[in-house]
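Asks: Residue-level listing of the chains:
There are 4 protein chains.
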Amino acid sequence: MIKAGIVGGTGYTGVELLRLLAAHPDVELTAITSRGEKGRTVADLFPNLRGRVDLRFVEPDEAVLTACDVVFFATPNGTAMQSAPALLAAGVRVIDLAADFRLRQAAEWEHWYGMKHACPELLAEAVYGLPEVNREAIRSARLVANPGCYPTAVQLGFLPLLEAGLVEPDSLIADAKSGVSGAGRKAEVGILLCEAGDSFKAYAVPGHRHLPEIRQGLAAASGAPVDLVFVPHLTPMIRGIHATLYATLRDPGAAVDLQALFEQRYANEPFVDVLPSKSHPETRSVRGANQCRLAVHRPQNGKTVVVLSVIDNLVKGAAGQAVQNMNLMFGLAENAGLNGIALLP
Amino acid sequence: MIKAGIVGGTGYTGVELLRLLAAHPDVELTAITSRGEKGRTVADLFPNLRGRVDLRFVEPDEAVLTACDVVFFATPNGTAMQSAPALLAAGVRVIDLAADFRLRQAAEWEHWYGMKHACPELLAEAVYGLPEVNREAIRSARLVANPGCYPTAVQLGFLPLLEAGLVEPDSLIADAKSGVSGAGRKAEVGILLCEAGDSFKAYAVPGHRHLPEIRQGLAAASGAPVDLVFVPHLTPMIRGIHATLYATLRDPGAAVDLQALFEQRYANEPFVDVLPSKSHPETRSVRGANQCRLAVHRPQNGKTVVVLSVIDNLVKGAAGQAVQNMNLMFGLAENAGLNGIALLP
Amino acid sequence: MIKAGIVGGTGYTGVELLRLLAAHPDVELTAITSRGEKGRTVADLFPNLRGRVDLRFVEPDEAVLTACDVVFFATPNGTAMQSAPALLAAGVRVIDLAADFRLRQAAEWEHWYGMKHACPELLAEAVYGLPEVNREAIRSARLVANPGCYPTAVQLGFLPLLEAGLVEPDSLIADAKSGVSGAGRKAEVGILLCEAGDSFKAYAVPGHRHLPEIRQGLAAASGAPVDLVFVPHLTPMIRGIHATLYATLRDPGAAVDLQALFEQRYANEPFVDVLPSKSHPETRSVRGANQCRLAVHRPQNGKTVVVLSVIDNLVKGAAGQAVQNMNLMFGLAENAGLNGIALLP
Amino acid sequence: MIKAGIVGGTGYTGVELLRLLAAHPDVELTAITSRGEKGRTVADLFPNLRGRVDLRFVEPDEAVLTACDVVFFATPNGTAMQSAPALLAAGVRVIDLAADFRLRQAAEWEHWYGMKHACPELLAEAVYGLPEVNREAIRSARLVANPGCYPTAVQLGFLPLLEAGLVEPDSLIADAKSGVSGAGRKAEVGILLCEAGDSFKAYAVPGHRHLPEIRQGLAAASGAPVDLVFVPHLTPMIRGIHATLYATLRDPGAAVDLQALFEQRYANEPFVDVLPSKSHPETRSVRGANQCRLAVHRPQNGKTVVVLSVIDNLVKGAAGQAVQNMNLMFGLAENAGLNGIALLP
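Taken in order, these protein sequences are the chains called A, B, C and D. Taking this note's numbering, the leading residue of the first sequence gets 97, the next gets one more, and so forth. Taking this note's numbering, the leading residue of the second sequence gets 97, the next gets one more, and so forth. Taking this note's numbering, the leading residue of the third sequence gets 97, the next gets one more, and so forth. Taking this note's numbering, the leading residue of the fourth sequence gets 97, the next gets one more, and so forth.
Isolated chain A, as found in the complex (with noise of 0.2 angstroms):
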């Protein structure tokens, strides 16, 4: 059994990593942490594990983590980069789960982010967990970047028109819709029921965090730079995103069998499922499962093409990614405890 610990797991994507860990036939749940809910246990704030979770959260404390196999981190921006060395060094291996060693560049993340980070020597060592395009590095991954939860909507969708060069980088647009449960555990008034129910918004149109990840890794797969438009929207729903993606064909005289292309890329991808020509997926259709499903559309066969990506921004955007990326790291099945199916109504 590996040992698993999680630091901060009092937001949702550490209650849907526990409910995710705690059914995983190779896992062990060793330790959570939170400071502000020390000492009570996790089946009180979160009732759905009752019977399920016997933990109580304790402080986080090396000591605790050094002996687990792996530690999840569940935190906000800027934590994990003060703990992951020690750990590292300690021989745990380390998923963040929020955006410490998502980028590349240093100084990129401190633009986006507004610090300055503890640890850039280990930018390069990271691994971004991505497994659709990253699947080896993660195997012998020490430090695994977990990938933002509109990044991992948006490249899988762009990837196959990037990789086979089919449209042009430099005018793709990604108009993204979140759940509200994208925005966190957090006691703001913005994501009231009140405020953000029966309505609709963009937010963050002039930049996002997620933009500089999105580019780093569409650029990676065209092999050159890549100018995105990226907007963000506020859903009035729990769980799912929609990402919403547009390209310009280079040729749009040329033949191209954009159906076949997308269900080649993804034909051995076990959590990637490309829908029939002409569908248009639905966010719950991946509710609660680890799951992106896409179509790919040409409309009035003109020269853009759309592209639908739905995930459950929780399970494939945050914590069933985090899963699969242990599962790889630990040589498991890769969809060991993942196979959950869509809750669907």
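Simulated from the structure, these hints should not be mistaken for laboratory data. For clarity, every value in this text was computed on a predicted model and none was experimentally measured. Some hints could be false.
One copy or two, it doesn't matter: identical chains are merged, so the pair holds either way.
To be verified - Once the Cα atoms are required to be at most 20 angstroms apart in a straight line, the calculated DMTMM-like pairs of lysine to aspartate or glutamate come out as:
{"hint": "1", "residue 1": "Lys374", "residue 2": "Asp140"}
{"hint": "2", "residue 1": "Lys212", "residue 2": "Glu124"}
{"hint": "3", "residue 1": "Lys99", "residue 2": "Glu430"}
{"hint": "4", "residue 1": "Lys212", "residue 2": "Glu430"}
Following the hints, complete the assembly by docking chains B, C and D onto the known chain A.
Replies: Okay, now just chains B, C and D, sitting in the frame of chain A:
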């Protein structure tokens, strides 16, 4: 492997049965029938099942169904009673998720359901599938009447009080609130998002079909007829029932430890969870899980006991309880295939 | 034009008061105060008011407020009582939307609200602003205690029965369900969309502050103390209260026309609507409107009367009722500024 | 008083027209027709109108309608064109809220709507009822084609850019999100609360009927054909459209004050509100109000302009705009009956 068939799998109890049975370690899904969707793949109708269920809907056909070990009816009321006799005669076990076999008295059934009963002779044999009451009878049953969603939540909440003779059986009140999935997957205006969303109402106050079913069960528990007022409400959510139950103590002056009473009654029940004193269960704490969570209160230490009971109407209130019954009938572990943790948030 | 001021207008009752007063033909909005938002335009905080309200939030300041004819307190409990004496002394009428002046007995108030009352001498003078009971007293009041949202819905439902002496006053049950706006516009985790959405729960079953307020009103109506069990619930919607009320007939054998009783009681009430027999009011039928809709049932012709009562908690349950009270206090048409039709869907 | 009739008032645009017209100071509601609900009171179907609208639904009958000064068609596509010629001949003004008279070209209409047009000769006379473009023509129109909901939000957002010739007309993208009421009040499974709730999806990506309508309007504004990709989505809320619009600057290097451009274009428009720079309009800020709110962005100062446009699909996107058109046609104040403030929360 147990060969399982589902008759009428196009509704919400159908898709939930499919979700549970597809992941059940001891079950092989053999057939699913639907006249209206004949030939269509199940995953086309329910995209959450893509890659997990390969079946197509077929005509309801005796040969197909008699090849099963067990057949679930996820059909409208009045359907199972047409086919059950032949299936039973062929040695197939039958679990009806509708109401055909829930009432002992054919006359009462015919009064509430407005049709002639097709096989009243089976009513005496049918076992009411509430394992917390009838576990042993279910083990050997050929025909199980799976309880209604409201009746499950209401009976589990009242049972400890009535069995102990602590409350007046003639002044029970069940104020119950259901998510909209309880109304089924039907093209009706009243359950549109724009009709049932962001609004709350009672319905069927003059009389609801679950009333006689609940009365029958409570009368058995108390050993005497009961007088029950049952008021169901429609809540703007998808899954979940919350029953708020009121009963009058026979002897308000006597010392009684209600918390201990409930904890002892359900000490060995795998799917009933008595919360600590002063708790308020949320429906989301059981979303997707085969679980009933209960809390018992005595406000202002007065003569009225208030019990709060929550279930997922599609799981412990329908498909999950049906699988629990199947597990008992076939000698499997009672929780086989039922260990999913509720999805929160 | 009546000069109106609002103290503490950053919550939901505040913005609703602003919506109603900005469109009121006889009112000039003079000042709105908020320490936290001082200097900010009202329309910046509440974009629905762009182009309709030009005010900025100012410090609560006696000079500003004494220039008003009437001051509304849309503040937390315990605020209005600090300022009311000075305002009244300056000849300003005061309407408190919080609880400071709702209970007759200072000791009871202090017990439930956990603080010392600042001006208990005003409790006898304050008029409880339920026009359907106290219309004449309100007309001449200097100080009105605007009723709570639950108390409005519950009292209007029980009044006809208690005033007529038809039901036992010692076994009343009010099972009430509120939209989340009833909890206010506060940065609290429990009312986040991801906590309160798609879920249902009871709360404060051991005791809620609206209990003594309701009991006081019902006791006055029945001429005797009442025994009431009050269970509030949180419903995943924004606005609306649905109270389901249970009372036991004193003489179940006597002929009584409950429908006529209710229709006669409210025949001349502009804001109480008794629905036809067998009806089930929906909260959305009063969304945004100063209206209570009622239906009365007697299930199975038994001993229990069931009353269904709906209001918009922010309108008839708060800001609308406050404007209705102001209209009465200033000799305006009772419905001035209150003719908005409910928004459906 | 203007005598107004409504044909087909049982849907959401119908009830919204009733809400607005019942409160309109210059209108007398004369008749409302529905074959299916003939004889039923309007208030029975729409309880928000109890006490405010006394009419019953009547058969659509020429005599009833020719007694009106204006008739609104809130009917499915293809209905108004059957009756409009006779009504116009009788001197009745006609406002069609459906699509029958929106497209200039009969052939294009017949292609997208799949039926023969009944009176193509009226297409040239019909005025497209977008007052921000056609105000003067509307004043003298006999027949107004009320714009679609998406077309209203999309055109108002793109117009300033296209009229000024600032963006490429051949690479426009409109990513639009609608509340479920846009799909109407129809008994269809896809818009049940349990299907459309807590989920998000695109639909009609291959082609939506509002595409030619939008293209026609944008081409007129730009003086040249436009190439537009239009992707509509279904959002789990009741009312509201949010259009996120993308256009490419013709000369990204040129200095241009987009904020000033938008503010000047709509400086005198009573129902279009340009938000301050860097804003993100929310659909709830226009809930129930005849208002479009816009914000314009240029992310990272790049070549792409992003416009955010919100309306209430039932008000500025349907019934409110129809009343605005009626006001213009009858020489009333343009905002008569349209001053309701949006309901927030």
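Asks: Check lysine 212 against glutamate 430 for me: Cα-Cα at most 20 angstroms, and say if that holds within a copy, between copies, both or neither.
Replies: neither (35 angstroms within a copy, 54 angstroms between copies)
Asks: Please sort lysine 99 with glutamate 430 into within, between, both or neither, judging by C-alpha distance up to 20 angstroms.
Replies: Result: close within a single copy only, 17 angstroms intra versus 29 angstroms inter.
Asks: What label fits lysine 374 with aspartate 140 when the C-alpha limit is 20 angstroms: within, between, both, or neither?
Replies: Answer is between; shortest inter-copy Cα gap is 13 angstroms, intra-copy 45 angstroms.
Asks: Checking an output row: lysine 212 and glutamate 124, CA cutoff 20 angstroms. Within, between, both or neither?
Replies: Answer is neither; intra-copy 35 angstroms and inter-copy 53 angstroms both fail.
Of the numbered hints listed earlier, those contradicted by the structure are 2, 4.
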